[in-house]
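Enquirer: Going down the list, the protein sequences come from chains A and B.
With this note's numbering, the residue at position 273 of the first sequence is 273, and numbering never jumps.
With this note's numbering, the residue at position 38 of the second sequence is 38, and numbering never jumps.
According to the in silico footprint, chain B covers these stretches of chain A (three or more CB under 8 Å from chain B): (1) 139–145; (2) 278–292; (3) 409–421.
Taking lysine to any residue pairs in the SDA-like style, the calculated list, with each CA pair at most 20 Å apart, reads: (4) 88/A with 389/A; (5) 424/A with 4/B; (6) 424/A with 342/A; (7) 424/A with 369/A; (8) 88/A with 308/A; (9) 88/A with 16/A; (10) 353/A with 334/A; (11) 424/A with 48/B; (12) 24/A with 60/A; (13) 24/A with 41/A; (14) 424/A with 178/A; (15) 333/A with 98/A; (16) 424/A with 367/A; (17) 408/A with 1/B; (18) 424/A with 2/B; (19) 424/A with 19/B; (20) 353/A with 324/A; (21) 424/A with 1/B; (22) 424/A with 20/B; (23) 387/A with 75/A; (24) 408/A with 2/B.
Hints are computed from structural coordinates only; laboratory data are not their basis.
Note that the structure is a prediction, hence the values are computed from the model and not measured.
Beta carbons are placed, not taken as given, at the ideal position from N, Cα and C, and that holds for glycine.
Spelled out from the first residue to the last, the chains are:
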Amino acid sequence: MSPCLQDWLELLAQQAPAELVRVKRRVHPVRFQSAAVVDALERLGRYPAVLFEDVTDLRGQPSPCRILSNTFASFRKVALALGLDSDKRLPLLERILELSERGLPPREVPPEQALVRGWLAAGDQVDLRRLPIVRHTEMDGGPFLTPIVCARDQQGRYNVSWNRMQYLDRRHLAIYMSPRHLWSYFAAAEDQGQDLPIAVVLGHHPAFHLTGALLTPLHRDEYEAAGGVMGQPLCITPSHTWGRELMVPAEAELVLEGRILAGRRCVEGPFGEFTGYTGPQRLSWVVEVEAMYGRPAPLIIDVFPCATEHINAHLPIEASIFQRARQAVPGVKGICWVGSGGPFNLILSLAKKTEGEPMRAAMAAISASNFIKHVIVVDADVDPEDKAQVMWALASRVQADQDITILKNLQGQVLDPSLRQEIKSSGMIIDATRPLDRPFPRRGEVPAAVREQVDLGRYLEG
Amino acid sequence: MDIFNVQCPACGREYYADMLLYSLRVELHCPYCGVFFYREDSPRVVTGGAGASAVARVAGGLGPQTIYRPPEQED
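Work the whole structure out from these sequences, hints included.
Expert: This is how it looks when you write it as structure tokens:
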């Protein structure tokens with residue numbers, strides 16, 4: 001068996017009990033209530049996973065499902081999902097890189113042994129109103145799922161991606177796709193007039209969900225990558241609708257099988273996104289659901305898209321950016337994307353050996369991901385996670401006419417609210433490192449040898 | 001991308017949509033009351049340019065009725 005969500009919850013309860021709270025009171029997710037609880041916790045600076053044990057479905061009826069929110073809202077929880085006990089950024093990024101490079105081929109289990117096949121509704125029996133689906137922000141166009149979507153390309157490789165999906169009716173969902181791998185799978189199918197079969201995973205071990213944010217090359221099978229990240233092969237089983245033509249995760253909590261329809265579109269949204277803004281209503285794609293099945297009391301992972309947990313769920317992207325920058329410039333020491341002041345800002349620190357390295361490292365980071373728009377490069381004596389230190393470097397080591405480079409006509413992030421065109425963006429690199437080609441003042445500091453010998457207690461007593 | 005503000009003809013609340021939907025003949029979907037409607041049926045649509053300009057911001061929306069037209073000069 002591959003690790004599952006319930007294993008992780010048990011681990012969390014044992015090793016970090018303060019990171020999990022249970023809500024036993026009945027909650028109506030479609031009336032914003034579960035989102036409001038997560039929002040209230042975030043306003044208090046608290047980020048525990050929240051397990052809503054009594055929720056209603058879209059019809060207002062009690063649901064056998066439960067909802068888990070804030071799964072990714074702290075480094076500690078993400079680390080525990082990856083077999084690491086830490087709440088620090090760099091060890092976590094290194095762990096993600098180590099695991100994502102492994103890759104383990106998936107292991108097939110017959111449907112009768114697949115825990116996800118505990119119950120089944122197919123064809124006209126499918127009624128998405130039986131699910132508890134969350135509305136998060138005021139202007140959301142409807143209730144939205146925040147699942148992992150699995151699809152197989154024409155060469156038999158699997159893609160695993162995070163996609164928002166809006167409830168439309170009993171058997172239809174809207175799906176929003178950025179122009180990345182799933183979009184390219186669908187475009188290839190639609191060019192041939194074919195629908196794209198997908199499996200929508202509504203809950204699995206958090207390490208499986210994190211696979212959805214890995215920046216893997218298009219040719220890499222992401223069921224294999226998921227095995228690496230999970231530390232054990234991903235168990236998969238033939239789908240109900242397409243058999244071995246679409247294999248689905250066997251240990252998932254709940255799966256919807258459906259087709260992204262060729263030649264059909266719908267209006268979708270508005271939707272509150274990771275940018276912190278409610279994005280506009282837009283044209284999207286339509287999924288027709290063929291079957292839904294799951295465990296007896298399935299856990300649905302909901303990600304509050306406008307909150308910290310969504311940003312943290314992007315940690316695998318940050319790990320990939322870190323790797324690319326370090327490959328370009330080995331002196332890169334630190335990174336801060338999440339928490340750097342906005343989802344499109346990145347801070348890199350490096351031990352600069354030659355002039356030009358900051359620019360090279362920054363360009364590697366920008367080319368690694370269309371999430372990155374602005375890069376500030378600081379020296380290794382500045383902690384990239386400490387905004388005050390970064391602002392000090394910006395104030396004291398930057399001359400705007402010399403050290404700021406504007407990049408035009410980049411492929412941007414379509415959800416960036418400042419874009420004027422659909423996807424074309426601009427970028428900015430700020431080199432806030434000290435120059436090496438001329439003398440530059442030193443930090444004003446007490447001599448280190450004296451500083452280290454100071455025992456404050458001896459001076460301040462009485 | 002650029003967006004436009006649109007008022008729902010049924011509930012009167014305002015939200016926004018991608019400019020692509022401005023030029024396509026597709027029904028918009030009010031996130032508040034769920035009604036589908038065509039942009040042309042909205043009592044108020046605000047795009048960039050003139051619609052968003054401070055001078056064009058008039059209660060009830062800018063339309064022919066807002067524009068003062070002097071009477072034709074009599075000889």
